[in-house]
Amino acid sequence: MLTSIVIRTLDEARYLGELLEAIGQQETGPFQVEVVVIDSGSTDGTLEIAEKHGCTITHITREQFSFGRSLNMGCEVAQGAILVLISGHCVPTDRHWLRNLCLPIADGKVDYSYGKQVGGPESHFSECRIFGKYYPDQSSVPQDGFFCNNANSAISRQAWDRYRFDEAVTGLEDMELAQRLHRDGGRIGYVADACVYHYHSESWKQVRRRFEREALALQKIMPQIHVRRRDLLRYIVTSIWHDWRRAWSDKVFMAHAWEIVQYRICQYTGSFKGNHDHRVLSHAEKDKYFYPS
Numbered sequence: 001m002l003t004s005i006v007i008r009t010l011d012e013a014r015y016l017g018e019l020l021e022a023i024g025q026q027e028t029g030p031f032q033v034e035v036v037v038i039d040s041g042s043t044d045g046t047l048e049i050a051e052k053h054g055c056t057i058t059h060i061t062r063e064q065f066s067f068g069r070s071l072n073m074g075c076e077v078a079q080g081a082i083l084v085l086i087s088g089h090c091v092p093t094d095r096h097w098l099r100n101l102c103l104p105i106a107d108g109k110v111d112y113s114y115g116k117q118v119g120g121p122e123s124h125f126s127e128c129r130i131f132g133k134y135y136p137d138q139s140s141v142p143q144d145g146f147f148c149n150n151a152n153s154a155i156s157r158q159a160w161d162r163y164r165f166d167e168a169v170t171g172l173e174d175m176e177l178a179q180r181l182h183r184d185g186g187r188i189g190y191v192a193d194a195c196v197y198h199y200h201s202e203s204w205k206q207v208r209r210r211f212e213r214e215a216l217a218l219q220k221i222m223p224q225i226h227v228r229r230r231d232l233l234r235y236i237v238t239s240i241w242h243d244w245r246r247a248w249s250d251k252v253f254m255a256h257a258w259e260i261v262q263y264r265i266c267q268y269t270g271s272f273k274g275n276h277d278h279r280v281l282s283h284a285e286k287d288k289y290f291y292p293s
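Residue 1 is where the sequence shown starts when you use full-length UniProt numbering, and the numbers rise one by one after that.
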């Protein structure tokens with residue numbers, strides 16, 4: 001069975017080579033593999049790395065770009081019966097990642113699967129805590145609910161053909177599609193033993209913007225969620241306190257104490273702004289929310 005790995009890229013040279021090498025080392029079992037790169041204007045050597053590894057390369061302009069549209073364009077070029085979606089800054093942790101991620105779809109257990117994510121040595125302490133919350137050690141195939149994440153996921157071509165990714169949302173295109181699929185009786189599965197390192201190299205402004213655009217998108221998916229000002233303060237204080245306690249227990253408090261404060265403030269102030277923002281996006285705002293620079 002042909003499996004297409006679709007990778008969105010914009011200046012992903014730092015980790016793309018490691019990702020493509022890990023893909024080449026996979027023990028794929030019954031799956032044949034092609035790799036499609038959908039690039040939105042890289043200038044850092046990303047395309048040269050992709051060419052070196054024999055990837056099929058297609059392009060999306062800055063004006064065209066949204067997270068959903070770029071994935072749809074990549075999937076249109078791909079030929080596989082299963083479409084594997086992975087970020088250009090994620091790297092599989094072992095040689096069984098691809099097979100483990102795809103088998104639940106090939107076996108007809110789910111239509112859409114997603115795998116575990118963990119941080120690397122340079123990841124923020126609080127981000128690793130978030131990974132631990134959403135990506136536990138136990139699989140759930142199929143799972144209850146429609147949570148999933150396209151940094152490390154796979155979807156059957158049949159499901160993608162029917163639903164496709166929403167090209168207007170400012171993020172969470174994975175959950176938006178999964179919600180529609182789940183509502184129609186489709187199945188989503190979490191595969192703990194399909195694990196990747198997820199490396200974010202972001203400024204604090206980019207961290208805040210990421211949570212802002214995701215909260216903006218969440219308005220469409222779960223409009224019943226409202227973050228009030230008192231919630232904002234409570235979430236910041238509580239999350240910092242719990243992170244500090246864990247860092248103290250892990251004997252890394254002094255190394256991460258101030259970073260924890262900065263991360264959690266950016267996370268929740270971004271989420272609060274996105275949750276309260278109901279504007280129609282201008283062209284400049286679309287660049288801010290969509291284009292990952």
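Treat the hints with caution; some may be incorrect.
Straight line, CA to CA, 30 Å or less: simulated DSS-like cross-link-like pairs of lysine-lysine [said to hold, decoys possible]:
#1 220 / 205
#2 273 / 205
#3 273 / 133
#4 220 / 133
#5 205 / 251
#6 133 / 205
#7 109 / 133
#8 109 / 220
#9 273 / 220
#10 133 / 52
No lab work stands behind these hints: they were computed from the structure.
Item to check | Straight-line alpha-carbon gap residue 220 to residue 133, limit 30 Å | outcome: Given that 30 Å is the threshold and the Cα spacing comes to 23 Å, the pair holds.
Checklist entry - Does residue 52 lie within 30 Å of residue 133 when you go C-alpha to C-alpha? => result 37 Å, violated
Checklist entry - Is the straight-line distance between the alpha-carbon of residue 133 and that of residue 205 30 Å or less? => result 23 Å, holds
Checklist entry - Keeping to a limit of 30 Å between CA atoms, is the pair of residue 273 and residue 133 held or broken? => result 23 Å, holds
Checklist entry - Taking 30 Å as the top limit, are the C-alpha atoms of residue 273 and residue 220 close enough? => result At roughly 15 Å apart (the allowed maximum being 30 Å), residue 220 and residue 273 satisfy the hint.
Item to check | Hint consistency between residue 220 and residue 205 [alpha-carbon to alpha-carbon, up to 30 Å] | outcome: Distance ~24 Å between residue 220 and residue 205 Cα, so the pair holds.
Next on the checklist: Hint check: residue 205 vs residue 251, CA-CA at most 30 Å. Holds or violated?
Outcome noted: 28 Å, holds
Checklist entry - Are residue 109 and residue 133 close enough, with their CA atoms no more than 30 Å apart? => result 24 Å, holds
Next on the checklist: Check whether the Cα positions of residue 109 and residue 220 lie no farther apart than 30 Å.
Outcome noted: Holds, at about 28 Å.
Next on the checklist: Checking one constraint from the list: CA of residue 273 to CA of residue 205, max 30 Å. Satisfied?
Outcome noted: 13 Å, holds
In this structure, the one hint that does not hold is number 10.
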